[in-house]
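Enquirer: Chain S: place on chain C using the hints.
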Amino acid sequence: MNMNSAIKLDGSASASVDHQASKSVGFRLQVNEFAWVWIGTAVLFAISAIVAPGTVTKGALLAMLPFAGILAIVATGMTVVIQQRGLDMSVPGMVSLAGIVVAEVGFATGSFLIAIVATLAMAVVVGIINGLLTARVNITPLIATLAVNALLIGGVRAITGNSPVAVPESIQAFAKQNLLGMPSSLWLAVLFVVIVALITKRSIIGRRFVAVGVNPRTATAAGIMTLRYQVGAYVLSAICFALGGILLAGYIGNASHTAGNDYLLPAIAAVVIGGTPFTGGKGSVVASGVAALFMAQLAQLVLALGAGPAMQLLVQSLAILLAVTIRVLPSLMSGK
Amino acid sequence: MHSSILLKVDGVTKLFPGVRALDNVTFEVRAGEVHALVGENGAGKSTLMGVASGALSADEGSVAICGEQVLGDPETARDLGLAIVRQEPALMPDLSVSENLYLGVPPRCRPPMNQCRQWALKLLKRWSDDVAVDPGDRVNTLNPEQRFIVEIVKALAADPKVLVLDEPTEHLLPEDVERLFERIKQVTERGSAVVYISHRIREVQQVADRLTVLRDGQGQGTYDASSMDEHRIVELIVGGELDREFPAKAINTDSEPTVLEVKSLRGPGFSNVDMHVRRGEIVGLAGIDANGQREFMRALAGILHSSGSITINGRKATNATPAKATSSGIRYLPGDRHREGIMAELSVRENFSLRSLFKDLSAGLTSRRSETQRAQQAVNQFAVKTPSVETPIGSLSGGNQQKLVLSSVLAGDPQVLLVDEPTQGVDIGTRMEIYRTLRQAASRGVAVIVVSSDQQEIAGLCDRVMIFSRGHVVKELQGKDVVESKITSAVLTATSTRERASEGTSKFWKWTAGDIAPILMLAIAIIALGAYTGSVNEYYFTERNLAGVLPLVATLALVAFGQQILMLVGGIDLSVGPLMGLVLVLQSFFLIEGAPPETQTLGWAIVLGVVVCVGLLNWFLVDPLKMHPMVATLVTFMALQAVSLQLRPIPGGLFSDGVLESLDSSVGIVPLTLAAAVILALLLEFGLFRSRWGLSFRGLGSRPEAARVAGIKPRLTRLSAYVGCSLFAGLAAIPMMAQVGSGDPNSGTSYTLTSIAAVVIGGASLFGGRGSFVGALLGALLITQVNVVTSFLGVTDAWQSYLLGGMILASVALYSKSRQMAVAK
Chain C
1 MNMNSAIKLD GSASASVDHQ ASKSVGFRLQ VNEFAWVWIG TAVLFAISAI VAPGTVTKGA
61 LLAMLPFAGI LAIVATGMTV VIQQRGLDMS VPGMVSLAGI VVAEVGFATG SFLIAIVATL
121 AMAVVVGIIN GLLTARVNIT PLIATLAVNA LLIGGVRAIT GNSPVAVPES IQAFAKQNLL
181 GMPSSLWLAV LFVVIVALIT KRSIIGRRFV AVGVNPRTAT AAGIMTLRYQ VGAYVLSAIC
241 FALGGILLAG YIGNASHTAG NDYLLPAIAA VVIGGTPFTG GKGSVVASGV AALFMAQLAQ
301 LVLALGAGPA MQLLVQSLAI LLAVTIRVLP SLMSGK
Chain S
1 MHSSILLKVD GVTKLFPGVR ALDNVTFEVR AGEVHALVGE NGAGKSTLMG VASGALSADE
61 GSVAICGEQV LGDPETARDL GLAIVRQEPA LMPDLSVSEN LYLGVPPRCR PPMNQCRQWA
121 LKLLKRWSDD VAVDPGDRVN TLNPEQRFIV EIVKALAADP KVLVLDEPTE HLLPEDVERL
181 FERIKQVTER GSAVVYISHR IREVQQVADR LTVLRDGQGQ GTYDASSMDE HRIVELIVGG
241 ELDREFPAKA INTDSEPTVL EVKSLRGPGF SNVDMHVRRG EIVGLAGIDA NGQREFMRAL
301 AGILHSSGSI TINGRKATNA TPAKATSSGI RYLPGDRHRE GIMAELSVRE NFSLRSLFKD
361 LSAGLTSRRS ETQRAQQAVN QFAVKTPSVE TPIGSLSGGN QQKLVLSSVL AGDPQVLLVD
421 EPTQGVDIGT RMEIYRTLRQ AASRGVAVIV VSSDQQEIAG LCDRVMIFSR GHVVKELQGK
481 DVVESKITSA VLTATSTRER ASEGTSKFWK WTAGDIAPIL MLAIAIIALG AYTGSVNEYY
541 FTERNLAGVL PLVATLALVA FGQQILMLVG GIDLSVGPLM GLVLVLQSFF LIEGAPPETQ
601 TLGWAIVLGV VVCVGLLNWF LVDPLKMHPM VATLVTFMAL QAVSLQLRPI PGGLFSDGVL
661 ESLDSSVGIV PLTLAAAVIL ALLLEFGLFR SRWGLSFRGL GSRPEAARVA GIKPRLTRLS
721 AYVGCSLFAG LAAIPMMAQV GSGDPNSGTS YTLTSIAAVV IGGASLFGGR GSFVGALLGA
781 LLITQVNVVT SFLGVTDAWQ SYLLGGMILA SVALYSKSRQ MAVAK
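Top to bottom, those sequences are chains C and S.
The opening position of the first sequence corresponds to residue 1 in the UniProt record's numbering, with each subsequent residue numbered one higher.
The opening position of the second sequence corresponds to residue 1 in the UniProt record's numbering, with each subsequent residue numbered one higher.
Next comes chain C alone, as it looks inside the complex (with noise of 0.2 Å):
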């Protein structure tokens, strides 16, 4: 097919046309960008079932479940940001020192509400506070996140001594409940997809981020804040990281100061494998979202084969080169 209009291309008259053609091939494959994550999480699935149904039991799932879910309520706020060309590196820190927070503050005022607003408030500052540095002081996305993480672990460690500590039941019982058979990390990322995938695609605020992120001088000449909408992503994801935290922390039942290292590196592959490209502008977060339920998912189904954490981290970083060759196969077919 991109052969036949490359070839009228050559010889008719109207060649702009012609080119309109063979892109619209070309759009028909981006819009398949975010669909392929469902069918690989589809097959996994089956896969699982057939190779090792124990992991498919109610059982297993609802183990594996309240990490899907929050992996991919950390990767909804890392695709956020590499929607407007970003990169959040302080994903540690950030889940970490909410873990902490949240406990600390619940045992100090004993009230369940005031900790997880008062999370979420110390949240949105640091994400002001990535959001200012590369918008405002054009610090690189990569180094200012860096640094800021680092700021945040110190933090981290200087409230714990480098020792977990332990979070109030309240917390727990949140963390830990079912809801209609399900856990509720789980019911949260979707609430959290959903929403933050609905204001995306149909809210003007939405819709005018998307324009930012493709190109911010173009969103600047119609008329849009753009700084607002760039240091509102981090906010976002600053708000993300921590409820991911205050999940974890619940969840596990201590908040410890290492529990955010292990969500950076996952929190990227979820959205590389997502879809959602480096490029800025486009992006989903429902991929994102599935993708962290296919990386959990996985992981279940490796460790049931009796592999080990080498394995693992064979297997996902496999994952991620085939999510990403998959796209640009077509285009280095055509020999773009």
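Since the hints were derived computationally from the structure, they do not count as laboratory data.
Glycine included, C-beta positions come from ideal geometry on N, C-alpha and C.
Heads up, some of the hints might be wrong.
Covered by chain C, according to a simulated footprint, are these stretches of chain S (three or more residues, beta-carbon under 8 Å) [unchecked claim]:
id	stretch
1	291-303
2	340-346
3	750-758
4	794-801
Expert: Relative to the frame of chain C, chain S by itself:
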């Protein structure tokens, strides 16, 4: 009538997405002549020279220089004797003037590396005795005129057979124009040829022997310059368009109410501008480029900051920000369509609705149906040629893009419509439609203001014209006076020359943006921190402590060098940490107690092979597979970690005492490994600034396209950067063996981020083009020191993190600020 052909362009066609930029163009340039290439903006002149110089490859046809074919390879064209002076100088901004000159000439014209400075100075002096450019200046600190002079000097230094000048007088001061014309004469007297691209007809008549006219990508023939008068040339340039039909102008608007009233608006580039627009009027702003008209328009749109009063339909309006200007009813159609008008990857629908999303709201959410409907309507009404409203706008032709953006701006219901270059890069038929649309908007009561560099367009479209000069409105033309000749003469009499740009950059910022500043500041920080810690705790400067700390510096420094090499070309490698771990794991099978020498040698050979392969793999993922460096090296990060864990699930395999002892040897208190790292830093630093590879790396990272044109091979350079990075990571693992003692699979991972931090603190730019190995060494020293001092200062180890984060932010914020300040505006 001597006529050997130096440049022959034969039937060249060049396609860009959506446009046929060149259509079967043929022309020849003879030895000893000045051959002018004339045409409007967007006629294809620069594209044609891009093809001739090998920077672009033609879709059809051929180009021959001195009888030899050029096939889309800039180096061949250059070696055959073609030198080009581009409108947008092809210079690498992070390199110095002399380095740019060095890379810019063919290898046979290059001086020995160590005489580069004097050579460059001589060339600059040959241009002008009082040239204000120093060979050591970084190009991004030069102003546009100076940069252009460097570009010309570079082209002349190559002793070209064919010298191409693309709009050379746009950026030059009058005395430099004189110098240029003198040089042109010298070049042609030598028997070489000059191709002179310009849209200034008088200038062309002054210098050219023959001329070729281009219109909309098609050649209109070659003529003797002396046989043509100005009128005839213009006719050829614009085609049948000389009497292009503009929509009828508004009649007698004096009694109409005022829509827009601007009082004493001042901002960057203009001051005290008063103006008004009456109902039904289109007002044009004219002037030589950069005299404030465009800045005034952008300030009205809220993009540039300004002060003054604006009233729209009797109501006070504010333009403090783009959003406020928009909600006051001011809408802006940008002149730079690609950068500011469209979102290329998004669909026609999304591009259309961006400026009027509020119209699609139902129940708080945007309705896809309403959006599609409105977009479809606009496409029909403005006859935008597109397969569907879901087609990405980037694939449409320029004219169709422009119509769509205009329709989008109009859909926002403007009260004031600001239009910058309404028809740039737009074909003739579409131009008429755009004029009609603007006229209709005006008659509906929208105040329309137009900036255009095409004076014919201003004359035909506008009811009133305000002439800008040096930021002031110096003249206003209306009624019968709005004709091209009067506008042109008003513009030209207002300012006939360019002003010399002021020396903008302060000494302080220039210094902090330099290469020495980060090194000096780091050294001071290291000494201050050390001295303070030493004064608080006497055990800090003991041999025992230093012997423990200094080897750590060597490890971090070596891996940082690798990261630095890659960052020079704009890459990044997350896999260095796990690679270091893998080297340790591998060696823990070979360098063990009792292993015979051949086993040990085998170990080293395997490690070397693995390290090179990892570099190749990273390159392969990034370059041919086009993966984002972060993603690609994340894949290798995980894979390497997996291999290490597979080989050694838990740490094991103690290194033999012999190996550890030789690694522990030292000269005085300085460990041998650190001494090696310091020597390597100095060698690399020397190579970075004094060798061809250093220039290639920095040049490629600074501006890939300019580097490619200068003959640097992007693929090969990137390949060696990735392999080099891995090699240094492997090297860093050697001192680490002594620190870890056995094959620990997790021992390396933390070095990934720390190495990035060390390089960045050392002054490297993540975008490539600049960095320093000595800086990376000092960055490694400072980070290691920070990790140690907390225990000597008696503060909690949280301070390690605070100090690390704070240091990164402080240093990078300073570098970023200073580099912004040092860049000439």
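Enquirer: Which numbered conditions among the earlier hints are violated in the structure presented, ordered from lowest to highest?
Expert: Every hint satisfied by this model.
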